[in-house]
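K.L.:
Construct all of the structure, not just a fragment, from the sequences and the given hints.
Residue numbers (our numbering): 29 to 327.
None of these hints come from the bench; they were simulated from the model. A couple of the hints might just be wrong.
To be verified - Pairwise CB distance ranges (calculated):
{"no.": "1", "residue 1": "Gln-112", "residue 2": "Pro-274", "range": "41 to 51 Å"}
{"no.": "2", "residue 1": "Glu-70", "residue 2": "Leu-106", "range": "17 to 27 Å"}
{"no.": "3", "residue 1": "Lys-204", "residue 2": "Ala-62", "range": "50 to 60 Å"}
{"no.": "4", "residue 1": "Asp-58", "residue 2": "Pro-274", "range": "55 to 65 Å"}
{"no.": "5", "residue 1": "Pro-300", "residue 2": "Arg-207", "range": "17 to 27 Å"}
No experiment lies behind these values; they were computed from the predicted model shown. All residues carry an ideal CB built from backbone N, CA and C; glycine is no exception.
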Amino acid sequence: MAHLPASLLILNGKSADNQPLREAVSLLRDEGVALHVRITWEKGDPARYVQEARRLGVETVIAGGGDGTVNEVSSALLQLAAPQRPALGILPLGTANDFATSVGIPEALDQALKLAIAGNAVDIDMAKVNDQTCFINMATGGFGTRITSETPEKLKAALGGVSYVIHGLMRMDALKPDRCEIHGENFHWQGDALAIGIGNGRQAGGGQQLCPEALINDGLLQLRIFTGEELLPALLSTLKPDEENPNIIDAASSWFTIQAPHDITFNLDGEPLSGRTFKIEILPAALRCRLPPDCPLLR
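P.N.:
In structure tokens, the structure reads:
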């Protein structure tokens with residue numbers, strides 16, 4: 029692998045002492061691969077390291093962490109001019125790793141790292157909210173968002189994605205819908221939403237398949253609404269819902285607007301954003317990402 033161009037790994041500080049990862053990095057370096065490693069300490073570090081990656085001239089920036097790290101690194105890459113923009117590699121090290129799981133990144137660290145460095149780079153879409161905040165996987169709103177943001181870190185560390193479901197069952201007293209109005213291309217809906225998923229990827233919240241038809245390179249966002257009449261499917265959405273269920277609304281559009289009479293919160297790959305009005309639009313072919321050849325999210 030000595031002929032491969034240089035890469036820079038931006039590693040979430042929580043994984044700095046990961047011994048198998050250290051061994052995988054050392055092995056690649058012994059094989060002649062130029063692999064820089066930077067550790068994050070606080071918010072904003074990924075953006076600074078992406079600027080360093082540009083100065084170093086690396087061809088790939090690898091996001092080592094969970095969905096939040098992948099989102100922060102990909103958003104920082106978007107700030108670079110396209111000719112100077114390295115490809116995105118993904119090393120899943122978080123609690124849920126929803127985006128990495130959806131696109132088929134290997135769980136084994138050595139395989140994931142080799143894919144991130146040497147895999148084929150393909151164009152993928154991203155999404156922008158209110159002309160400022162971006163996400164690569166999914167925006168989720170409603171009860172599910174409150175649960176994922178409130179789930180204790182110790183519970184997530186011990187149980188992984190299932191911790192969200194367990195914590196949700198413990199918080200059934202807080203289960204209430206949000207009244208809102210949603211527009212898209214040839215789409216309009218108004219009512220009480222228990223949970224909303226607007227996806228470029230397919231799953232969120234530790235494996236919940238909120239947008240099972242989403243693709244990351246079709247120029248569209250997938251929308252799924254769980255209406256207020258159907259409570260448990262929004263929480264236990266790992267069970268495949270009946271496609272004929274009238275309390276599940278699906279749509280696809282290159283943009284959606286959401287308006288509510290009160291503040292609601294969307295979780296953008298781990299980044300909360302609150303307000304009463306949201307415009308979410310797709311950014312076609314925004315990044316190049318190194319993905320497996322059999323990635324299920326590519327058209």
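K.L.:
For every hint, state whether the structure bears it out.
P.N.:
Against the structure, the hints come out as follows:
1. In this structure the supplied range 41 to 51 Å holds for Gln-112 paired with Pro-274, their Cβ-Cβ distance being about 49 Å.
2. The hinted window of 17 to 27 Å between Glu-70 and Leu-106 holds, with their beta carbons roughly 21 Å apart.
3. As the Cβ distance of Lys-204 to Ala-62 is approximately 53 Å, the hint placing it in 50 to 60 Å holds.
4. About 59 Å separates the C-beta atoms of Asp-58 and Pro-274, a value consistent with the hinted range of 55 to 65 Å.
5. Distance hint check for Pro-300 and Arg-207: the Cβ-Cβ separation is about 20 Å, which falls inside the suggested range of 17 to 27 Å.
Violated hints: none; the structure is consistent with every hint.
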